[in-house]
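A.B. asks: For reference, the chains in residue letters:
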Amino acid sequence: MSHYPDSYRQQSDEELMLRLRKMEREAFAVLYDRYAGEMVNFFYRRLGQDPDKAQDFLHDLFLKLLNDPGKYTPGRTFRPWLYSIALNMCKNEYRSLKVREDYRLSGFPEIHGCSDGSEKLDMRLFEKELKVKLNLLDEIHREVFLLRFQEELTITEIAELMVCPEGTVKSRLFYTLKALSLQLKVFNPLIN
Amino acid sequence: MEENIFDAIPGFDRLLEEKAFEALTKRERDQVLQFISREDYNHFREAVLVAQHGMQRREPPITPDPSVKNRLMQHFDSESMPPSSSIPLSLSRLLNHRIPFYQAALAASVLLFMVIFLLLQNHRMPVRMAVADTVYVDRPMLLKDTVWLEKSGEIGPETAMIRHARTEPRDPVPARSINENPLYTRQMDDAMRRVSVISGLEKDRSVNNDAGLMKLVITGMAIAISP
Chain F
1 MSHYPDSYRQ QSDEELMLRL RKMEREAFAV LYDRYAGEMV NFFYRRLGQD PDKAQDFLHD
61 LFLKLLNDPG KYTPGRTFRP WLYSIALNMC KNEYRSLKVR EDYRLSGFPE IHGCSDGSEK
121 LDMRLFEKEL KVKLNLLDEI HREVFLLRFQ EELTITEIAE LMVCPEGTVK SRLFYTLKAL
181 SLQLKVFNPL IN
Chain Z
193 MEENIFDAIP GFDRLLEEKA FEALTKRERD QVLQFISRED YNHFREAVLV AQHGMQRREP
253 PITPDPSVKN RLMQHFDSES MPPSSSIPLS LSRLLNHRIP FYQAALAASV LLFMVIFLLL
313 QNHRMPVRMA VADTVYVDRP MLLKDTVWLE KSGEIGPETA MIRHARTEPR DPVPARSINE
373 NPLYTRQMDD AMRRVSVISG LEKDRSVNND AGLMKLVITG MAIAISP
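Chains F and Z are the protein sequences, given in the same order.
Under my numbering, think of the first position of the first sequence as 1, with each following residue one higher.
Under my numbering, think of the first position of the second sequence as 193, with each following residue one higher.
Calculated from the structure, these hints are not laboratory results.
The structure presented is a predicted model; accordingly, all values stated were derived computationally and were not measured.
Take the hints with a grain of salt, since some may be wrong.
Just so you have them, the derived chain Z footprint on chain F, three or more residues with Cβ under 8 Å [what the hints assert, rightly or not]:
{"#": "1", "segment": "9-19"}
{"#": "2", "segment": "143-150"}
Partial selection, computed: residues in chain F whose CB lies under 10 Å from chain Z [to be verified]:
{"#": "3", "residue": "R25"}
{"#": "4", "residue": "R45"}
{"#": "5", "residue": "P51"}
{"#": "6", "residue": "K71"}
{"#": "7", "residue": "E127"}
{"#": "8", "residue": "V163"}
{"#": "9", "residue": "G167"}
{"#": "10", "residue": "F174"}
Built from N, CA and C at the ideal position, the CB exists for glycine as well.
Could you build all of it, start to finish, from the sequences and the hints given here?
C.D. replies: Pasting the structure below:
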C-alpha cells in the first residue's frame, strides 16, 4: 500500500472517487485496497460462505466502479454507496439461484472445532436460534440489523444506503432488537 | 407512539456493542431504564454480540485474491489507454458521426452558394475576340506577323505600281544607299509615318521578326518612291 503517493492515501473515499471519475489509476488502486478485504468478506457471508464466489463478486463489484464511475454522485458518501451496489448484487444472485432462504442468513457462520464447553454450545444454539428469528423478520428490518451490527455501518450510512431518514433506521433497529429480545428470552445472556 | 430509545440516547447502538449493563455509568443506566429493562438491555446486547462475534471468530476469514486486483488493474489500463488505432479517421467512425441538423443545412447552403457563384463567374469571363488596333511607327521595326499597310489616296497609276511592287518585288534597295540618300531617308520617314498596322488582339504586338521587317521596308520603300 505504501507505494502510492501520500496525496492519494490521505484523501477521503469521496475525493478518490472523484479522481476515479477522471480515470486516475492510483485513485482506483487505493480505493480497492481500502475496501477489498471488507467487501470480499461481505460477499463471503452473504453468498453461502463460498470463497470463490466471494472473489468473483469482489471482482465484479470493482469492475462496476471501473466501467461506470460516473454513476457515483459527487457529495454522496462512498461507503454506503458501495454497499448499496454490493447488496443489489447479492439480491440479484439470490433471485438467480432461487436459494434465497439458504443464503439469506448465511452471515452467521457454523462454529467449527468448538470445544465441549457448555458456553460455546449455548453460543452455537443461540446463533442458530438468532438465524431462525431473524429469518422470520421482514427483509428491511433484517437488513438494517445486519448492516449495523454485522457490516458495522453507522446509522447515518445505513440511512444513506436505504435512502431514508436516520429516524427510520433507528426505529427499525429498535423494532428488530425488541422482536429478537422477545423471541430469545429462553436463552440466558451469554456475555455480561 | 412508543418513544425510540435510539432517538433518546445518542449512540445507543455503540453502547450495546461496548458495555454490559453493569458497566454503564449511573447516568447511562438511568437513561436506559427509562425505556427498557435491564433484561431487555442484555437480550439486545446478546443479539448484537452474536452477530458481531460471528465475524470475529473467522478473522481473517478470507483475504482478497491478488489476481483479482491484477485483473482489475489490467482492465483499467486497457480502458484508459488512448485507442491509438482508432484515432485516425475511420470510415465507420465518420459515417456514424452525428451532427446537428442545422449544421448540415448550413453546410449545404454554403455549398449551394459556392456553386452558383462559380457558375456566374464563368459567365463573366472575357470572350476571346479579335480587336482592330492601329499603330503608327516612325522607324523600321521588327514585325512578328502579317502587317497590312494602308495608304490613303486615289486609285491611279501609282496604286497600280504599288500592286505591281507587291506581286513582283523589285530588287531591294541596298540599305547603304537608303541611308546615304537624304531624299530616300526623308521619303522613308514620311512613308513610315503613314503606315498603319492592323493586328488582331490575340496576335503578339511585338514586332521582332526579320522577315516582317524586310516586308515593311520593301513596302515602305514602294510607298516612298511613289509620288
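A.B. asks: Let's test the interface hint: is any C-beta of chain Z closer than 10 Å to that of F174 of chain F?
C.D. replies: holds (5 Å)
A.B. asks: Take the shortest C-beta to C-beta distance between R45 of chain F and chain Z; is it under 10 Å?
C.D. replies: holds (7 Å)
A.B. asks: Is the interface hint satisfied for G167 of chain F? The criterion is a beta-carbon contact with chain Z at less than 10 Å.
C.D. replies: holds (7 Å)
A.B. asks: Against chain Z, is E127 of chain F within 10 Å by beta-carbon distance?
C.D. replies: holds (6 Å)
A.B. asks: Taking the closest Cβ pair, is K71 of chain F under 10 Å from chain Z?
C.D. replies: It is violated, given that the least Cβ distance between K71 of chain F and chain Z is near 15 Å, above 10 Å.
A.B. asks: Hold the hint about V163 of chain F up to the distance rule: shortest CB distance to chain Z must be less than 10 Å.
C.D. replies: With Cβ-Cβ at 19 Å, over 10 Å, it is violated.
A.B. asks: Can the hint on R25 of chain F be confirmed by a CB-to-CB distance to chain Z that is less than 10 Å?
C.D. replies: It holds, given that the least Cβ distance between R25 of chain F and chain Z is near 6 Å, below 10 Å.
A.B. asks: Would the stated hint for P51 of chain F survive a check requiring a Cβ distance to chain Z of less than 10 Å?
C.D. replies: holds (5 Å)
A.B. asks: Three or more residues of the segment 143-150 of chain F near chain Z by CB distance under 8 Å?
C.D. replies: holds (count 5)
A.B. asks: Report holds or violated for chain Z covering the segment 9-19 of chain F, Cβ cut-off 8 Å, minimum 3 residues.
C.D. replies: Our answer is that it is violated, as 0 residues pass the Cβ test (under 8 Å) against chain Z, missing three.
Hints 1, 6 and 8 from the earlier list are contradicted by this structure; the remaining hints agree with it.
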